[in-house]
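Peer 1: Sequential numbering of the sequence shown, starting at 1, is according to UniProt numbering.
Hints should not be assumed to be uniformly reliable.
Unchecked claim - Below, simulated SDA-like cross-link-like pairs (lysine to any residue); rule was C-alpha separation at most 25 Å, straight line:
| # | residue 1 | residue 2 |
| --- | --- | --- |
| 1 | Lys236 | Met268 |
| 2 | Lys236 | Val157 |
| 3 | Lys272 | Asn195 |
| 4 | Lys303 | Asp52 |
| 5 | Lys272 | Glu296 |
| 6 | Lys236 | Leu130 |
| 7 | Lys298 | Leu23 |
| 8 | Lys236 | Lys272 |
| 9 | Lys303 | Leu44 |
| 10 | Lys303 | Leu23 |
| 11 | Lys272 | Val157 |
| 12 | Lys272 | Asp56 |
Note that these hints are calculated values from the structure, not bench results.
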Amino acid sequence: MIKDNHTALSDFILLGYSEFPVLQVLLFVVFLFIYVGIILGNGLTIYVTLTDAALDSPMYFFLRNLSFLEICYTSVTLPKMLVNFLAENKTISFTGCAVQMYFLFVLASTECFLLAAMAYDRYVAICHPLRYKLIMSRELSLRLVTGSLTVNMPVHVVQVYLLFTLPFCGSHEINHFFCDLSPLLELACAEIFVNEVYLFAATTVILILPFFLIVASYVKIISAILKMPSAEGRKKVFATCSSHLIMVSLFYGSATIVYLSPRSKETMDINKLLSLFYTILIPMFNPIVYSLRNREVKVCLKKLFDRKV
């Protein structure tokens with residue numbers, strides 16, 4: 001049906017920063033370096049948490065899945081971006097654009113719920129330490145991860161369907177690095193009220209709800225930390241949560257501005273930059289933040305490198 005409704009429009013053009021042709025090779029090198037760093041860093045996190053028995057806990061099970069998600073997440077957009085930096089033809093097919101957007105939305109939304117699951121894990125570990133193993137069983141951890149993915153899939157089928165059944169009868173140049181919702185809505189030449197209502201409802205459920213669950217978990221965690229008699233104990237407990245708080249702040253801060261701020265021509269370029277932040281830079285920071293700020297991971301990495309040496 002989507003294909004039949006758009007026989008006149010076979011592809012889109014991803015503009016990116018094509019207005020600066022002298023920067024294309026430099027951008028290719030920088031983004032290639034970032035992509036390799038994302039794969040190596042998150043791949044190493046997955047390997048260490050899988051092979052070291054000391055990291056066999058729900059906390060590292062969630063971290064392993066987050067790292068795998070980051071690799072998939074960036075692989076949806078970055079390879080095509082790298083090709084476009086060097087190619088004169090910066091087109092993406094109509095179907096390819098729809099598929100790219102769908103998987104981008106599903107994986108980004110899954111990360112929202114996965115971050116909420118990690119916050120709940122920290123809440124149980126700090127506020128109910130004696131019941132931690134009983135509550136955070138392997139079965140519950142697996143259900144939280146699979147549920148984070150499956151709950152988003154039908155939501156974004158509707159989202160993408162509503163968007164790509166709109167007529168795009170004007171320009172087909174997308175002012176972005178990849179297929180995203182806001183720049184595509186700007187190209188539609190039909191009423192987009194239904195799309196905006198659905199976007200608001202989906203954003204509320206997928207972005208705001210997990211955020212409030214995270215906030216509620218950390219309100220309980222901070223309350224428990226403040227009741228601890230030992231300053232050293234408070235510092236140690238807070239250190240276990242700081243990495244997660246950093247990632248939540250970076251991810252939610254940039255994504256909220258992009259998807260909840262009013263659309264205008266002035267904000268399009270800002271949102272284009274911010275979208276790079278939460279789709280590319282945060283996956284690169286993930287292994288750095290969790291590894292360099294986590295004593296157990298650093299010990300396991302040191303043992304791994306010692307064995308290799």
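Peer 1: Each hint needs a verdict: does it hold in this structure or not?
Peer 2: Hints, verified against the model:
1. Lys236 x Met268: 42 Å, violated
2. Lys236 x Val157: Between Lys236 and Val157 the Cα gap is close to 43 Å, so the pair fails against 25 Å, i.e. violated.
3. Lys272 x Asn195: Holds: Lys272 and Asn195 sit about 20 Å apart, inside 25 Å.
4. Lys303 x Asp52: 10 Å, holds
5. Lys272 x Glu296: 37 Å, violated
6. Lys236 x Leu130: Between Lys236 and Leu130 the Cα gap is close to 18 Å, so the pair holds against 25 Å.
7. Lys298 x Leu23: 37 Å, violated
8. Lys236 x Lys272: Measuring from Cα to Cα gives roughly 38 Å; hence the hint is violated.
9. Lys303 x Leu44: 13 Å, holds
10. Lys303 x Leu23: 41 Å, violated
11. Lys272 x Val157: Roughly 23 Å between the alpha carbons, so the hint for Lys272 and Val157 holds.
12. Lys272 x Asp56: 39 Å, violated
In the structure shown, a violation is registered for the earlier hints numbered 1, 2, 5, 7, 8, 10, 12, in ascending order.
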